[in-house]
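Chains G and X supply the protein sequences, listed in that same order.
Read in order, the letters of the first sequence correspond to residues 1 to 323 in the working numbering.
Read in order, the letters of the second sequence correspond to residues 324 to 625 in the working numbering.
Hints should not be assumed to be uniformly reliable.
Heads up, incomplete: computed chain X residues facing chain G, CB under 7 Å, no partners named [claimed, not checked]:
(1) R515
(2) D516
(3) F517
(4) A520
(5) K522
(6) A523
(7) L524
(8) G525
(9) A526
(10) H535
(11) P538
The hints are simulated quantities; they were obtained by calculation from the structure and are not laboratory data.
Glycine included, each C-beta is placed from N, C-alpha and C at the ideal position.
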Amino acid sequence: MTAETILSIENLKTCFYTKKGIVKAVDDISFDLLKGDVLCIVGESGSGKTVTALSIMRLVESPGKIIEGKIILDDENLLELSPEKMQDVRGNKIAMVFQDPHSALNPIFTIGDQVTEAITAHQICTKEEASTKATQLLELVGIPMSKERYHDYPHQFSGGMKQRVVIAMALACHPGVLIADEPATALDLTVQAQILDLFLELRERFEMSIIYITHDLGVVSEIADSIVVMYAGRIMEKGRSIDVLEAPMHPYTKGLISCLPSETGKIVPIPGAIPGLINPPGGCIFHPRCVNVMDICRMERPPMTKITDEHYVSCFLYGGFNV
Amino acid sequence: MNMAAYYRERIKGNKTAMIGLTFIILLILTALIGPFFTVSPTEVNFSEKNLPPIGFSSEQSIYSAQDGGLILTNMKGILNHPLGTDGMGRDLMAQLISGARVSLLVGLLATGLAIIIGAIIGVSSAYFGGITDSILMRFTDIMMTFPFLLLLILIVYMFGSSLTLIILSIGLTGWTGTARLVRSETLSLRTRDFVVASKALGASDLRIIFYHLLPNTINSIIVLSSLSIPGAILAEAALSFIGLGDPQVASWGNILNAGQNDLQTAWWIAVEPGIMLFLTVISFNILGEGLREAFDPKGDSK
Numbered sequence: 001m002t003a004e005t006i007l008s009i010e011n012l013k014t015c016f017y018t019k020k021g022i023v024k025a026v027d028d029i030s031f032d033l034l035k036g037d038v039l040c041i042v043g044e045s046g047s048g049k050t051v052t053a054l055s056i057m058r059l060v061e062s063p064g065k066i067i068e069g070k071i072i073l074d075d076e077n078l079l080e081l082s083p084e085k086m087q088d089v090r091g092n093k094i095a096m097v098f099q100d101p102h103s104a105l106n107p108i109f110t111i112g113d114q115v116t117e118a119i120t121a122h123q124i125c126t127k128e129e130a131s132t133k134a135t136q137l138l139e140l141v142g143i144p145m146s147k148e149r150y151h152d153y154p155h156q157f158s159g160g161m162k163q164r165v166v167i168a169m170a171l172a173c174h175p176g177v178l179i180a181d182e183p184a185t186a187l188d189l190t191v192q193a194q195i196l197d198l199f200l201e202l203r204e205r206f207e208m209s210i211i212y213i214t215h216d217l218g219v220v221s222e223i224a225d226s227i228v229v230m231y232a233g234r235i236m237e238k239g240r241s242i243d244v245l246e247a248p249m250h251p252y253t254k255g256l257i258s259c260l261p262s263e264t265g266k267i268v269p270i271p272g273a274i275p276g277l278i279n280p281p282g283g284c285i286f287h288p289r290c291v292n293v294m295d296i297c298r299m300e301r302p303p304m305t306k307i308t309d310e311h312y313v314s315c316f317l318y319g320g321f322n323v
Numbered sequence: 324m325n326m327a328a329y330y331r332e333r334i335k336g337n338k339t340a341m342i343g344l345t346f347i348i349l350l351i352l353t354a355l356i357g358p359f360f361t362v363s364p365t366e367v368n369f370s371e372k373n374l375p376p377i378g379f380s381s382e383q384s385i386y387s388a389q390d391g392g393l394i395l396t397n398m399k400g401i402l403n404h405p406l407g408t409d410g411m412g413r414d415l416m417a418q419l420i421s422g423a424r425v426s427l428l429v430g431l432l433a434t435g436l437a438i439i440i441g442a443i444i445g446v447s448s449a450y451f452g453g454i455t456d457s458i459l460m461r462f463t464d465i466m467m468t469f470p471f472l473l474l475l476i477l478i479v480y481m482f483g484s485s486l487t488l489i490i491l492s493i494g495l496t497g498w499t500g501t502a503r504l505v506r507s508e509t510l511s512l513r514t515r516d517f518v519v520a521s522k523a524l525g526a527s528d529l530r531i532i533f534y535h536l537l538p539n540t541i542n543s544i545i546v547l548s549s550l551s552i553p554g555a556i557l558a559e560a561a562l563s564f565i566g567l568g569d570p571q572v573a574s575w576g577n578i579l580n581a582g583q584n585d586l587q588t589a590w591w592i593a594v595e596p597g598i599m600l601f602l603t604v605i606s607f608n609i610l611g612e613g614l615r616e617a618f619d620p621k622g623d624s625k
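Build the full structure now, drawing on both the sequences and the hints.
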């Protein structure tokens with residue numbers, strides 16, 4: 001089985017030009033999303049996960065700017081498309097689900113109206129066709145009595161139900177890639193599990209590939225096919241889910257995993273906090289918190305080192321010295 | 324329950340606002356159908372000039388051909404002219420009703436124009452931001468600092484006086500407040516998730532403006548409209564009062580202007596349009612205030 005790459009990010013760099021200085025929110029990252037995969041981007045708050053997602057959608061707002069890189073979807077570099085063409089890609093080929101379902105719906109229109117609106121954004125069809133389709137979509141994402149609830153307003157829905165509506169809107173035009181930015185974080189645990197199941201079910205049904213952003217390694221272990229570990233705007237480690245979780249290489253990934261409550265009940269936190277990104281530490285950005293820090297880590301930025309064909313790590317512990 | 328029904332319930336609970344609304348509805352009905360039941364507001368009849376309203380009387384010296392001089396008579400209001408007549412014997416009730424048409428027309432059209440311009444300028448200013456925002460807002464500032472009445476006088480002086488011109492000039496100068504308000508509301512709306520989410524699903528700028536941004540500012544726009552209608556009505560009356568109104572129409576300002584010379588002998592000519600202006604303006608104001616309260620989510624706790 002040879003997996004086909006559907007979305008490829010190459011050397012993406014996104015900076016924010018603030019008054020205090022330039023913030024490299026996403027600093028030279030590359031990864032591939034395979035067709036039908038669920039790729040999880042994991043990292044602490046502020047590690048650049050959301051900016052990565054927004055960069056892919058080209059929705060980074062001023063003062064942020066994508067400096068360089070390529071985002072290749074269906075042999076097209078999204079960063080070279082005209083704004084009009086990009087607008088056509090959004091929703092049609094890539095769609096995005098946001099973190100907080102409570103604010104992701106317009107409070108003054110019925111949910112049916114909003115799903116219909118999302119359909120008519122790209123498809124030319126009559127109002128009736130669109131609203132029939134909207135009802136089907138609502139049914140599909142698991143909203144019971146979707147015909148009746150079609151005419152309800154967002155405030156009459158629970159958080160989990162709202163998130164289902166948001167997902168229905170994202171699916172309106174059958175995008176090939178769905179980016180979900182912590183879609184379950186604002187929901188309680190039982191609902192989280194339902195939403196995760198829904199994502200997996202919809203992936204099968206719509207043959208989608210999903211980029212799932214989260215900081216919850218528990219979620220990752222359940223749904224991820226591959227993992228990208230981000231820290232302070234850089235990729236620390238990436239690979240197939242089983243490799244990264246079972247045999248983490250990077251000290252940061254190891255640290256993250258040891259932060260999880262284990263059978264022994266012992267939680268080992270990573271000391272320190274994520275650095276400010278205006279004057280980031282030189283060399284490896286993780287070195288001030290790293291337990292295995294070496295002299296070279298303070299001087300040079302470690303390159304991506306290949307462990308296996310699918311497992312890469314950015315750490316001098318595994319070579320990558322310039323001789 | 325949908326939102327319109329919810330707001331309807333809330334506004335119904337507000338007595339003063341309902342009084343204001345009732346008066347406005349009555350006024351609109353009168354202005355629409357009244358002229359079919361009254362005598363012509365321009366019909367001159369010197370034998371019945373300066374008649375007081377019913378229930379009042381006034382002493383007036385009138386010329387009598389019989390005696391060849393002025394004689395003093397006590398005039399009483401008669402049923403044919405329930406609100407009296409002016410110095411040329413024209414029926415004041417007919418004039419006031421025709422004036423109501425003018426005032427409402429000016430109030431609604433000028434405010435409508437101002438709201439549309441203000442909403443478009445405000446929403447584009449906030450949504451597109453950057454240089455667009457700076458240019459539009461500086462322009463708004465300039466318009467705001469312009470002495471409005473002076474500008475109106477200048478326009479009327481230059482282009483002559485017609486009702487259309489008065490409506491246009493009030494509308495074209497009165498949008499600044501709306502622009503500011505809509506801009507500030509849009510600024511907070513545009514970063515809301517549902518706007519970003521809509522963009523992420525490929526919605527165009529126009530779609531976002533007309534589906535997400537403007538509908539979410541509609542509450543403020545409605546309140547602002549009901550509060551700026553009296554402003555427009557007063558502006559027209561003020562222009563007419565200083566003699567720059569449309570001489571072709573019997574507007575309240577025109578009647579006021581005509582009546583000010585007769586205050587000694589026939590006070591009702593000036594007082595009646597004054598009362599109408601006062602009642603209309605205060606009705607719109609209390610209705611606007613009531614709407615503001617009904618739309619205010621913080622009002623729930625009361």
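Hold the hint about F517 of chain X up to the distance rule: shortest CB distance to chain G must be less than 7 Å. 5 Å, holds
Hint validation: K522 of chain X versus chain G, beta carbon distance must be below 7 Å. Holds or violated? Where the cut-off is 7 Å and the nearest Cβ of chain G is about 6 Å from K522 of chain X, the hint holds.
Quick check on L524 of chain X please, does its C-beta sit within 7 Å of some C-beta on chain G? 4 Å, holds
Can we keep the A523 of chain X interface hint, with Cβ of chain G closer than 7 Å? Check passed: Cβ of A523 of chain X comes within 4 Å of chain G, closer than 7 Å.
Less than 7 Å between beta-carbons is the criterion; does G525 of chain X satisfy it with respect to chain G? 3 Å, holds
Can P538 of chain X be said to touch chain G, with a Cβ gap under 7 Å? For P538 of chain X, the interface hint holds, since the closest Cβ of chain G sits about 6 Å away, which is under 7 Å.
Hinted contact H535 of chain X with chain G - closest CB pair below 7 Å: Hint holds; H535 of chain X Cβ to chain G Cβ min 6 Å, cut 7 Å.
Satisfaction of the R515 of chain X interface hint, Cβ to chain G closer than 7 Å: 6 Å, holds
Grab the minimum C-beta distance from A520 of chain X to chain G and call the hint holds if it beats 7 Å, violated otherwise. Holds: closest Cβ of chain G sits about 5 Å from A520 of chain X, inside 7 Å.
Measuring from the C-beta of D516 of chain X to each C-beta in chain G, is the shortest one below 7 Å? 4 Å, holds
So, as I understand it, the hint says A526 of chain X touches chain G; can you test that by seeing if any CB pair is closer than 7 Å? 5 Å, holds
Violated hints for the displayed structure: none, as all numbered hints are satisfied.
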